[in-house]
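Protein sequence lines correspond, in order, to chains H and F. For the first sequence, this note's numbering gives the first residue as -8, with consecutive numbering after it. For the second sequence, this note's numbering gives the first residue as 171, with consecutive numbering after it.
Since the hints were made in silico from the structure, they are not lab data. Please note that the accuracy of each hint is not assured.
Said to hold, decoys possible - Here are the simulated BS3-like pairs of lysine-lysine, each with C-alpha atoms no more than 30 Å apart in a straight line: (1) H:133 x H:84; (2) F:194 x F:216; (3) H:133 x F:203; (4) H:24 x H:129; (5) F:216 x H:84; (6) F:216 x H:129; (7) F:216 x H:24; (8) H:24 x H:133; (9) H:84 x F:203; (10) H:84 x F:194; (11) F:194 x H:133; (12) H:129 x H:84; (13) H:24 x F:203; (14) H:24 x H:84; (15) F:203 x F:216.
Remember, it's a predicted structure, so these values are computed and weren't measured experimentally.
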Amino acid sequence: MSTASTIPAFSDLTVGQDIGSRSIAVTRTDLVKYAGASGDFNPIHWNEAFADGVGLPGVIAHGMFTMGAAVQLVADWAGDPAAVVDFQTRFTKPVPVADTTGTPEPGALIEVSGAIGALDADAGTARVDLTVVSAGQKVLMKAQAVVRLA
Amino acid sequence: MTINPDLQGRSYPAAEVYDVGREKIREFARSVKATHPAHFEVDAAKALGHSDLVAPPTFAIIVAQRADAQLIEDPDSGIDFSRVVHAEQRFIHHRPIVAGDRLLAELHVDGVRAMGGGAMITTRAEIFALAPGAAGSREAVATSTSSILVRGEGQ
């Protein structure tokens, strides 16, 4: 969980180094909350019949929910969320979220891990490459966050 | 419905100001399961050198998608929102977004590429903050680039 961790020292980092991992449990309620917070009310993220009707495998998470939740690993590692100066991804697979309303079970799990992909000593930045998997499939590709450490 | 190929190169000027509030930062942070105290406690944000609560790294999507809506809702664009899939996204932060910012977004359509019966459309929202006190003065805050795939029939 969150603690104001110490900010990593650029000189201590090496390419390939792991920054950690976390597992994000997702429910339909989470998608409704994200819709409200973001203003993205596309019904494919909350209405099963609508999602099925447009050929999706049921209700799917907003790509931006997955992107926004995945980067929290980096923000916490960096010690300051504002240190993330550049963040990009491709959305390659949808994350279907089962309706588990009324049970303690999540509707999907998103597994996030990160490693240092590149270091730029002149800019004082580290690129963290994220691996983001749900139900055994990579759901984000080229998920890269550039962190300013100096 | 076909996508209008003349969209490429089109720009939509900044429409309305988006006022970044503390509770919106907290709400958005919770919604992406962010727990860093700089999103929730002003003192924690100030301890890191920020003037107020810091927005999460993807917060700019709120402003960018409002700007995108101008294109998607433009009857001339030919875009059916129910067939839109988000394909790529990038944020470049020129400086952090903090509570109290008054943001504007200019939208640029950088690319339109036919794909099967549909199209891939790349938009860029240039997000600025109105500088307090100085009328008309702007500060570059973030650049959000989105590629959306508009699926054709049978895709």
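The hints, checked one at a time:
1. H:133 x H:84: Measuring from Cα to Cα gives roughly 13 Å; hence the hint holds.
2. F:194 x F:216: holds (18 Å)
3. H:133 x F:203: Holds, because 22 Å separates the two Cα atoms, which is no more than 30 Å.
4. H:24 x H:129: The hint holds at about 24 Å.
5. F:216 x H:84: Distance ~39 Å between residue 216 of chain F and residue 84 of chain H Cα, so the pair is violated.
6. F:216 x H:129: violated (37 Å)
7. F:216 x H:24: holds (28 Å)
8. H:24 x H:133: holds (26 Å)
9. H:84 x F:203: holds (21 Å)
10. H:84 x F:194: holds (29 Å)
11. F:194 x H:133: The hint holds at about 29 Å.
12. H:129 x H:84: holds (7 Å)
13. H:24 x F:203: Holds. Residue 24 of chain H to residue 203 of chain F sits at ~11 Å (cutoff 30 Å).
14. H:24 x H:84: Given that 30 Å is the threshold and the Cα spacing comes to 22 Å, the pair holds.
15. F:203 x F:216: holds (22 Å)
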